[in-house]
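Number of protein chains: 2
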Amino acid sequence: MNTKKKIAIVGVGLMGSSLALRLKNEGLSDEIIGVDSNLEHIEIARTQKIIDGSMNLMDAIEASNVIIIAIPVDAIIALLPTILNQVKDQIVFDLGSTKATIIAAIQNHPKRGRFMGTHPMWGTEKNGPLSATYDSFKNRAVVLCNQKDSDPDVLAWVQSMYEKIGMRIVYMNTQEHDLHVAYVSHVSHITSFALANTVLEKEKEETAIFELASGGFESTVRLAKSNPLMWAPIFMNNKENVLDVLAEHINQLKKFQRAIEDSNKVELLRLMDKANLIKNIIP
Amino acid sequence: MNTKKKIAIVGVGLMGSSLALRLKNEGLSDEIIGVDSNLEHIEIARTQKIIDGSMNLMDAIEASNVIIIAIPVDAIIALLPTILNQVKDQIVFDLGSTKATIIAAIQNHPKRGRFMGTHPMWGTEKNGPLSATYDSFKNRAVVLCNQKDSDPDVLAWVQSMYEKIGMRIVYMNTQEHDLHVAYVSHVSHITSFALANTVLEKEKEETAIFELASGGFESTVRLAKSNPLMWAPIFMNNKENVLDVLAEHINQLKKFQRAIEDSNKVELLRLMDKANLIKNIIP
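First to last, the protein sequences are chains A and B.
Taken in order, the first sequence gives residues 1 to 283; the numbers are from the numbering used here.
Taken in order, the second sequence gives residues 1001 to 1283; the numbers are from the numbering used here.
These aren't lab readings, by the way, just hints derived from the structure by calculation.
Note that the structure is predicted; figures quoted are calculated from it, not measured.
Treat each hint with caution, since some may be false.
Straight line, CA to CA, 35 Å or less: simulated DSBU-like cross-link-like pairs of lysine-lysine [what the hints assert, rightly or not]:
1) A/Lys204 with B/Lys1204
2) A/Lys239 with B/Lys1254
3) A/Lys279 with B/Lys1202
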């Protein structure tokens, strides 16, 4: 199989640009075409040699063998049917953090087989092509969703590409994916955003925060720097799972609240001993 | 001023052992005496050359110029009056994460002036002398509380020691300290413990967590590995501030909950745009 391709990256933000750099480094691409309505991002991506050139979406689809969609999930849902309308035998996949609503939007499309829904479990709180890194994605998992609905050559190329950039492939259906990521990604972000707002709301002495903040606070609040325009559509497209997990998280916080109110050391120790078991899962 | 001292470390866990290593490296100590009821910790600390020898508490007080108390805050409160009863002109300070109840316990003690309440803003989720590191405390803040109540030579030595190990000194009264650390440390820990419990409670497929967890989840849940025996007394000794901040945190989470329930993208963006301002404080 000739794996070297002309690749269009739709969205040259953090994810798309970081993947572009890896595709080039691994020799998986002859030419990378950037597509983005943000012309500043296109300019930066070109200057940083992340992309070789840019085109509008329709020309890029026509000119490419592979189309990678790296834009917010609501934009993926809006654009994906249009992209598939234009596709002949190109390979199309997305990097979105939710999968059910995206795949539902094209499930009955005649070109459904040319598309693969993927979610590489890598990212940072930064955004834009200037934040792209050469060392991204490695040693992380990538979820491929409903892989049997994609054509065999689409599956083969996407699998092979993710393996070459050092990712572990995990297969899930969209329901499993969206549930698990609510736990391991979406609600962690809400917690972090809410913690930042708690501090900003009530702690008037900002210099005190700055001076006293230690590694623990920094790591817990880091995700609160994430891009709102990316995360709002994620929460809304995984609404049921996110609300379910968030309700449970508030419930767990209230257990701590009650134990502290009651000065119940036995219960506090029980709650934290249980939380310590996360060591067995995330060493 | 002769800064080289015979130093007793009461509690050779993570904090006490890490400080012992720094004191030795900076040439601030002739001899470090370990005091701990956990004989396994004493044995490890001796084998690792963190301490030069061990004694019981009373002998160690008698034999030392400086006594550093690095045990859980409830144990500090229980032990500190006894320690001060035995003190002649020794320098005594603690490393506890709360300050008001500790200082209240000895405020009227005739040897009050020999004590300084301190809180170095460094730690990790690990515990025990095997987790001690040579590179701890550097470039972090240390809070000295109610410094005017300590004798000038106590203040001078403690200041000088913290400066030599690379810490920035911040002066606060106990009320200010306990309020600020509720924000930047205590509630971050509760959030992390509760997030771990949320996942452990509802996510049955542990392999899915392990496989999908990315850097974001790992950093948010890291503090959930912290030692319950250290943290329960902290929450109970800073009860009012912790409950106040925790109530606000739950309130902030509910704002996200309502916005997601209502599919209110404008409100979600507003909440996250606000949280993003944490970048101005913690770059």
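Going down the list of hints, with the structure as the test:
1. A/Lys204 with B/Lys1204: violated (41 Å)
2. A/Lys239 with B/Lys1254: holds (14 Å)
3. A/Lys279 with B/Lys1202: holds (17 Å)
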